[in-house]
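Using the sequences plus the hints, can you model the full thing?
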Amino acid sequence: MKDYETLLASYWGAGWKLRSQQPQIVAALVQDQDVLALLPTGEGKSLCYQLAGLALGGGTLVLSPLIALMQDQVAGLQRRGIPVVHLHGQLSRWDRERALQPLLASGGFVYLSPEQLQGQGVRELFRAHPPRLLIVDEAHCISQWGHDFRPAYRRIPEFVAALPRRPVIGAFTATAPAAVASDIASLMGLTQPLTVRGIPLQPHIRLAVRHCWTPRGKTQTLLQELRPKTLIYAASRFETEALASQLGEQLATPVLCYHAGMSGPRRQQALEVFSATAQITMVATKAFGMGVDIGDIERVIHWQLPESLSAYVQEVGRAGRDRRLAASALLLQARGEIPPAERFARTLALRPDTVRDVLEQLEQKQSLPSLRQRFQLSDAALNQLLLPLQESGALASRGSHFQLQKALDKTLFKGVMDRIQELRKRRRQDLAQLKAYVRTRACRRSYLYRAFDLEPAKGACGQCDRCR
Numbered sequence: 001m002k003d004y005e006t007l008l009a010s011y012w013g014a015g016w017k018l019r020s021q022q023p024q025i026v027a028a029l030v031q032d033q034d035v036l037a038l039l040p041t042g043e044g045k046s047l048c049y050q051l052a053g054l055a056l057g058g059g060t061l062v063l064s065p066l067i068a069l070m071q072d073q074v075a076g077l078q079r080r081g082i083p084v085v086h087l088h089g090q091l092s093r094w095d096r097e098r099a100l101q102p103l104l105a106s107g108g109f110v111y112l113s114p115e116q117l118q119g120q121g122v123r124e125l126f127r128a129h130p131p132r133l134l135i136v137d138e139a140h141c142i143s144q145w146g147h148d149f150r151p152a153y154r155r156i157p158e159f160v161a162a163l164p165r166r167p168v169i170g171a172f173t174a175t176a177p178a179a180v181a182s183d184i185a186s187l188m189g190l191t192q193p194l195t196v197r198g199i200p201l202q203p204h205i206r207l208a209v210r211h212c213w214t215p216r217g218k219t220q221t222l223l224q225e226l227r228p229k230t231l232i233y234a235a236s237r238f239e240t241e242a243l244a245s246q247l248g249e250q251l252a253t254p255v256l257c258y259h260a261g262m263s264g265p266r267r268q269q270a271l272e273v274f275s276a277t278a279q280i281t282m283v284a285t286k287a288f289g290m291g292v293d294i295g296d297i298e299r300v301i302h303w304q305l306p307e308s309l310s311a312y313v314q315e316v317g318r319a320g321r322d323r324r325l326a327a328s329a330l331l332l333q334a335r336g337e338i339p340p341a342e343r344f345a346r347t348l349a350l351r352p353d354t355v356r357d358v359l360e361q362l363e364q365k366q367s368l369p370s371l372r373q374r375f376q377l378s379d380a381a382l383n384q385l386l387l388p389l390q391e392s393g394a395l396a397s398r399g400s401h402f403q404l405q406k407a408l409d410k411t412l413f414k415g416v417m418d419r420i421q422e423l424r425k426r427r428r429q430d431l432a433q434l435k436a437y438v439r440t441r442a443c444r445r446s447y448l449y450r451a452f453d454l455e456p457a458k459g460a461c462g463q464c465d466r467c468r
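The sequence shown begins at 1 in our numbering and counts up by one.
Since the hints were made in silico from the structure, they are not lab data.
Glycine included, every Cβ here is placed at the ideal spot set by N, Cα and C.
Be aware that a few hints might be false.
Cross-link-like lysine-lysine pairs, in silico, DSSO-like; alpha carbons within 30 Å at most [to be verified]:
hint, residue 1, residue 2
1, K286, K425
2, K425, K410
3, K218, K286
4, K425, K435
What follows is a set of in silico ranges between Cβ atoms, one per label pair, in the way DEER data are often shown [unchecked claim]:
hint, residue 1, residue 2, range
5, S367, E97, 25 to 33 Å
6, E422, Q376, 19 to 27 Å
7, L408, S186, 27 to 35 Å
8, L408, P203, 50 to 58 Å
9, R216, D293, 31 to 39 Å
10, A252, G189, 49 to 57 Å
11, G462, E249, 31 to 39 Å
12, D293, D379, 21 to 29 Å
13, G462, A75, 33 to 41 Å
14, D293, Q224, 24 to 32 Å
15, A460, R428, 29 to 37 Å
16, E422, E360, 21 to 29 Å
Structure (structure tokens):
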């Protein structure tokens, strides 16, 4: 095992120093202790596991849901002369085998998505060449309580259990509430992990909620809140395009649009233009999220109440990554608007007869697209129905196809309905927490600290509309 401080100087340069909670995280991983790191974006999570991987040797597998982020990190490691490969779907099995064996033997890094990890060929490769360190990035995606739940994350522990030796595991994500943090540690099977929590938001980001009485008043407030480089979050693709079109007619500077309905090349072009332009406005859905790292965003504006407090904190945290003073504004119309969090909760309100109909269909092999189309269900609604079946071993999956492995009886049906009710209850709690944040007359930053189980600083923060 190599000294990580020497490695830091060798690969990153003599001027690089670990800061804040980074030394604690690196030291734990190097000493074979699992880590759960809950740190806001910009706190150097990737440096922690890259340095620990080099110190441990034996190869590091990094699981990330973000192609762009993986490509950026791969390019960064290559520039430093560190062996690394991104195992994407276009590589043949022979090419993967040829790349993987010498790379893991030399203590290099392998990046791939949790979805790719489900392939039998990929799993066999890692059984033959097990990594010394396993890093799960954006680990909140394993939790159904998290705001970016992805079912493929639930199969990571199954992959770990099949390896001939267990790697050290590091689960990294931005700030997460207690229920999500507990889920991550439990579902990932972390063994007595070091848990490191960062502050929910950097202190140089100002917080404000603006109450608007009419649609026209809301638009006027939005125009007043704009800064040279502004990111605006809207709830849907339609609202994103409509607001971008409206602002494009009113502003002299460029206005861009970004949502999941756009093609990959169009989204990438929008990101590149937004990143490179000093005076510009981006209107986006939550698709403008994980893995986007643009340093000079001066203001983040929420056009509506987001889905959850966790999502709000993540999105506000995209401002001021260059450590300069930045601000956020949450715009609320007093009447006539249904918050996205409320709309989202309604999409999860599955009727018992719908649940039974889906379960009956699953007695035969079904694909996710066909179930979505047949029953007109959102991804979130379908996930919450399938997850309890997977957890109980009642559902077999192969790719995107699923089939019940147990008889559809009253016990199975009740288990699914109980879990759906549990999730609906949690979503109502999320909405209540958001509304309480909006209505609080105390310091908003202190409210966020308490919501994320941290002790707030004493006195006024001086950086929110309640304290200024």
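When you take the CB atoms of A252 and G189, is the distance between them in 49 to 57 Å? With Cβ atoms ~55 Å apart, the hint holds.
D293 versus Q224 beta-carbon gap, inside 24 to 32 Å or not: 28 Å, holds
Falls inside 25 to 33 Å, the C-beta gap from S367 to E97? About 30 Å separates the Cβ atoms of S367 and E97, which means 25 to 33 Å holds.
Is K425 within 30 Å of K435, Cα to Cα? Answer holds: K425 to K435 is near 15 Å, not above 30 Å.
Given a hint of 27 to 35 Å, does the C-beta separation of L408 and S186 actually sit inside it? 28 Å, holds
Tell me if the straight-line CA distance from K425 to K410 falls inside 30 Å. 22 Å, holds
R216 versus D293 beta-carbon gap, inside 31 to 39 Å or not: Taking Cβ atoms as reference, R216 and D293 lie about 36 Å apart, which means the hint holds.
A range of 33 to 41 Å was offered for this pair. Does it hold for the Cβ distance of G462 and A75? 39 Å, holds
Measuring from beta carbon to beta carbon, are L408 and P203 in 50 to 58 Å? 54 Å, holds
Given the hint of 19 to 27 Å, is the C-beta distance from E422 to Q376 inside that range or not? Once the Cβ atoms are compared, 23 Å apart, the range 19 to 27 Å for Q376 and E422 holds.
Holds or violated: 21 to 29 Å for the Cβ distance of E422 and E360? 23 Å, holds
Can you tell me whether the CB distance of D293 to D379 sits inside 21 to 29 Å? 26 Å, holds
In the structure shown, no violation is registered for any of the earlier numbered hints.
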